[in-house]
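Work out the full structure, taking the sequences as your base and the hints as a guide.
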Amino acid sequence: MSPWVGRVVACAVIAAGGAIAFGDWDPGDPFKMHFPQLPDPNGWDVNMTFPKVLADDWLCIDSGWVSDIHFWFSYQHDVFVPIEGIHVSIHADDRSGPFSRPGDLLWQHDFLPSEFTVREWGTGNQGWYDPNTGEAVPGDHFTTWQANIERILDPFWQEQGTIYWLDLSVFTGPNGRVGWKTSLDHFEDDAVWSDFGTGWQELFDPFTGVSLDLAFVITPSPGALALLGIAGAVTTRRRR
Numbered sequence: 317m318s319p320w321v322g323r324v325v326a327c328a329v330i331a332a333g334g335a336i337a338f339g340d341w342d343p344g345d346p347f348k349m350h351f352p353q354l355p356d357p358n359g360w361d362v363n364m365t366f367p368k369v370l371a372d373d374w375l376c377i378d379s380g381w382v383s384d385i386h387f388w389f390s391y392q393h394d395v396f397v398p399i400e401g402i403h404v405s406i407h408a409d410d411r412s413g414p415f416s417r418p419g420d421l422l423w424q425h426d427f428l429p430s431e432f433t434v435r436e437w438g439t440g441n442q443g444w445y446d447p448n449t450g451e452a453v454p455g456d457h458f459t460t461w462q463a464n465i466e467r468i469l470d471p472f473w474q475e476q477g478t479i480y481w482l483d484l485s486v487f488t489g490p491n492g493r494v495g496w497k498t499s500l501d502h503f504e505d506d507a508v509w510s511d512f513g514t515g516w517q518e519l520f521d522p523f524t525g526v527s528l529d530l531a532f533v534i535t536p537s538p539g540a541l542a543l544l545g546i547a548g549a550v551t552t553r554r555r556r
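The sequence shown begins at 317 in the numbering used here and counts up one residue at a time.
There could be a bad hint or two in this list.
To be verified - Distance ranges between label pairs, derived from CB positions:
#1 Glu451 x Trp381: 35 to 45 Å
#2 Asp420 x Ile377: 19 to 29 Å
#3 Asn448 x Pro490: 16 to 26 Å
#4 Ser412 x Glu436: 32 to 42 Å
In case anyone wonders, no lab produced these hints; they're calculated from the structure.
Just so it is clear, CB atoms sit at the ideal spot from N, CA and C, and this is done for glycine as well.
Here is the structure:
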């Protein structure tokens, strides 16, 4: 990159810092995993309220920073209680046992409310499920929410062709219970669940026994996309 292009991109960085805000993710937007695992509008919400922990795997399709994470969730009984924090960790893929699961810890961060946004996503006839207790209530709630963790300041670097595990647990105010939404989009092995600090268990539908996957998408940073576009346009212009 020439010094002239470098100065233009540097200016773009400054401008982007002020202009690019937290953003939502919609189908059709870019992603950096095997495919987006979209929420099942009539599926389960699996308890992810601390100390409950859930995890699902993804395949990296493009080496780079994991700077943006989006997932879908609902509240038990549709009782809205603000999320006070989200624990996120990324793990290696452990295939040494009868089912794959999160292995060595590679990265983790506890996100405060100022570091993520939530928005209403849609509605459906959704059930509540806590695999630890066996509680399974069809038709418990109707509203789906999307959580957006973007522009992570100390992101994890993922390598193309590698499978990783995304581990999530949510902190809420008193009496709040949050469930990670299941997905109809299946990839590799089942999702897994655990109480914090204990062993992993496979996640199955409590009634049918069908393997369950969870709704999330790993995406490139909107700021990175904007800067790449600016740099590409400037480079093309200089070559003419």
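Hints and how they fare:
{"no.": "1", "hint": "Glu451 x Trp381: 35 to 45 Å", "result": "holds, 38 Å"}
{"no.": "2", "hint": "Asp420 x Ile377: 19 to 29 Å", "result": "holds, 22 Å"}
{"no.": "3", "hint": "Asn448 x Pro490: 16 to 26 Å", "result": "holds, 20 Å"}
{"no.": "4", "hint": "Ser412 x Glu436: 32 to 42 Å", "result": "holds, 41 Å"}
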